[in-house]
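*Asks:* Protein chains in written order, with this note's numbering: chain A, 1 to 288; chain B, 1 to 438; chain C, 1 to 276.
One should not assume that every hint holds.
Keeping only pairs whose Cα atoms sit at most 20 Å apart, straight-line, the calculated SDA-like set for lysine to any residue is [unchecked claim]: (1) C:LYS103 x A:LEU186; (2) C:LYS164 x C:GLU184; (3) C:LYS10 x A:ILE276; (4) C:LYS182 x A:SER6.
For the record, the hints were derived by calculation from the structure and aren't laboratory data.
One-letter residues, chain by chain:
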Amino acid sequence: MATKASRSAARVMMAPAVILLLGWMLVPLIMTLWFSFRKYLPLRGGDLGFAGFDNYTRFVTSSAFWPAVQTTLVIVLGVLAITVVFGVLLALLLDQPMWGQGVVRILVIAPFFVMPTVSALVWKNMFMDPVNGLFAHLWRFFGADPVSWLSDASLPSIIMIVSWQWLPFATLILLTAVQSLDSEQLEAAEMDGAPKLKRFFYIILPHLSRAMTVVILIQTIFLLAIFAEIFVTTGGAFGTRTLSYLIFQRVLESQNVGLGSAGGVYAIILANIVAIFLMRIVGKNLDA
Amino acid sequence: MSLKSTLGAATALALITASGAFADGHSKTITIATVNNGDMIRMQGYTDNFTEATGIAVEWVTLEENVLRQRVTTDITTKGGQFDIMTIGMYETPIWGANGWLVPLDDLSAEYDVGDILPAMAGGLSHEGTLFAAPFYGESSMIMYRTDLMEAAGMEMPDAPTWEFIAEAAAAMTDRDNEINGICLRGKAGWGEGGAFITAMSNSFGARWFDEDWNAQFDTEQWANTLNFYKSMMDASGPAGYATNGFNENLNLFQQGKCGMWIDATVAASFVTNPDDSTVADSVGFALAPDTGLGKRSNWLWAWALGIPAGTEQEAEAKQFIEWATSKDYIELVAANEGWANVPPGARTSLYENPEYQKVPFAKMTLDSILSADPTDSTVEPSPYVGIQFAAIPEFAGIATEVSQEFSAAYAGQQTVEEALAKAQAITNEAMEAAGYR
Amino acid sequence: MARAVSPRRKLMNTTFAWAIGLLIFFPILWTILTSFKTEAQAIASPPIFLGFDWTLENYSVVMERSNYGRFLWNSIIIAGGSTILGCIIAVPAAWSMAFVPSKRTKDILLWMLSTKMLPAVGVLYPIYLLFIQMGLLDSRAGLVIVLMLINLPIIIWMLYTYFKEIPGEILEAARMDGAGLKEELLYVLTPMAIPGIASTLLLNFILAWNEAFWTLNLTAAKAAPLTAFIASYSSPEGLFFAKLSAASTMAIAPILILGWFSQKQLVRGLTFGAVK
């Protein structure tokens, strides 16, 4: 049905979006690349000349680099694992007949509406504070010593906070997928006496694979960039410094824009590796 | 509503949004970026007095300290021009002033009486003798302790104790069953939080950040002594999770009666003695920050000050505001409304000569602490930098934040003190090399 | 999938689901409750759940200190403006990808998504400098543009998946009836995609509302939205749990209410093409 006319019309219609995004990608990218080859120290008078690959070698040989990459991956994978697993379980649960389904659904998706800064502040102060936090009260009630969550279990704590924020999103998408499940097929399987677990692994899970891919793709994009949660809770201490937080420290705290920009280029490369990897899977899975 | 009109309305709304941003231009409004500390919030409440007197409206941008620093630093280095007045500290002011980014405050009116600003404060907020920011309040650090607990422990706090005495007293006051910790100190990562405390403390142990050739000094015995002493004292007598406690966490603990001693900013004295907020208001004593007999005490010097970014179009109005906010009259205004204990302290000599203020229990100790701090000579061995709890070089904030993160990890028991110090040494030398010092 | 189950089973489901729902919702509930306590009650040990003296004091303190109305209005304008502008640009693009696909369509789509992976912190300086040049600092217009660009890939992708589900025969029929491109888009496609567009708008409104890096770093006073409002309550001196809770509640309440009222719409549309 694609005529020549509609093809050119299509091009015109796509143009604004493509041009805008191209600009949004290229302009900062080129500026970042430019800065990354300069010795650019705002507090020492700005641009101090060409730096060659100094910034690149310095960033990557810094003792903080590999731990930061590792932390980034741990957080992304940790949150993905939690949200996908619990998202599937929650979606299946919410699909069951029950009283007050609508209200439960509202309760479950509510965290998605909370801005990351607020959720980090609330968790940090009102729950994880080792003296006045609710968890501390709970622990004391059971006669245990309160845990200093954000220092002794910093990474799990942050993964938990972020998972709390993203679980609703995963649940919602997976729920729509569960609801679209052909119930006749399931009932047939039930009649055949297929045990519950088998039904889950052979019918439900394959059906959800597409939805899971979408959840993973979208969440990865957002999770690679999490910042507020770390800034508010630990400030990058106790092994919670991600790559984007490391760049923040270089650019803003150390005021070394050249070094930070080189880090930005590495982060773009990392993101693209992840992206290519993801899109291979998604591309296969999303072929309509 | 038809689809067409929906789309039309949507476009219109988007356009209005876009144009609305340019519509509101005031001629006589100044924008002030400030930190959300109690004294600043109070000042916001009195802004109407200023507007009434001068006709200049004030827009406040109140941010938490870390966000504020990030925000104003970006703006000043890029000459963004978003603010007419910025709230900055003793660390930023000389560096920014040297770069020509701040308007020199050398033409303030006679009645403002620049000479009345405490010399230590004026010195720390100047570059080569020119004042670049006016102190709104100034502070040193000192010991705040519970007189009742001290008495119960059968000890007596000298006016100028040693660290050894503090550790002993802390152990004696600690009562885990009643949730009383002998001592509360900052352990939180961040150069202005735990980093500031441990640096000031290290001065009294004879340590320094850099030798005269800008080599990091974390491999010295003095630093190892500082950290080991801090950690063993805090493990024995400090609160749970002290590695994440900063000023505010400790303030809350102290106000709730959960600390025997607390060594921190002198401005905290007015909070812990305020019966509205503090459960222990009537049993707080004060003493100078401790030493180890090497000639330097562990107190710092800091001021939150108001500076004007160069290039602002409202320079005259901004100066008017600064003259108002840091004046003797403002102090009188607050004193008249909220009592002398609540005026912004540590900025003016005349305040400490005022007989009314001298009645405030912490006034003398605050002044003594401020007077005993000298940013130009803060370490036992000679050092190339100015500053007590910081080194006034542009790279310091970044380095010290990372170093203090390693320290905090050691406090939390995730690595040993030796490991933390070795990492600190590497981080610092790495960064100093990147900046071209070494 | 309304299956018939025994009442016992239904009761079990209900209990279990409610327990989990309340557990997930609890942090928000606790924040709202704490906002009505005094500071002393907020840190009381053991914690007080409901039996405290309800007070509005925290809200009046917050209202007195900050110009909440302006922050709120800025949030609405910025989130709303960027969402609408994004949709205006995304609808034609998504349409052409869905109905006039070429070999490169999928590549373009995935490339668009990849622009979202640019680390924001890394490009703060470039963007800040650009904004100074263009005079967009502390303007709602600037934020509308930035947030639109950030969310545009998501909008396009969502719309693309909805459009793809519309059968081509309908378009053929419309063309037979003499509908031009414009009519086709306005009267045939868009109405069919309304549920999808609605949930796209909602999701992006939420994302834009909660965006906390650019909204904080590119604003000062005039254009600052609720994300900046909360930054002035995050760690002040003294006890602050109750005031923090009040400010937090005020920051999230509008979007929470919107989300609750529109959750059916959101749930129906939020598929990202995951369901065939």
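*Asks:* Please go over all the hints and tell whether each is borne out by the structure.
*Replies:* Going through the hints against the structure:
no.: 1; hint: C:LYS103 x A:LEU186; in the structure: violated (37 Å)
no.: 2; hint: C:LYS164 x C:GLU184; in the structure: holds (15 Å)
no.: 3; hint: C:LYS10 x A:ILE276; in the structure: violated (45 Å)
no.: 4; hint: C:LYS182 x A:SER6; in the structure: holds (11 Å)
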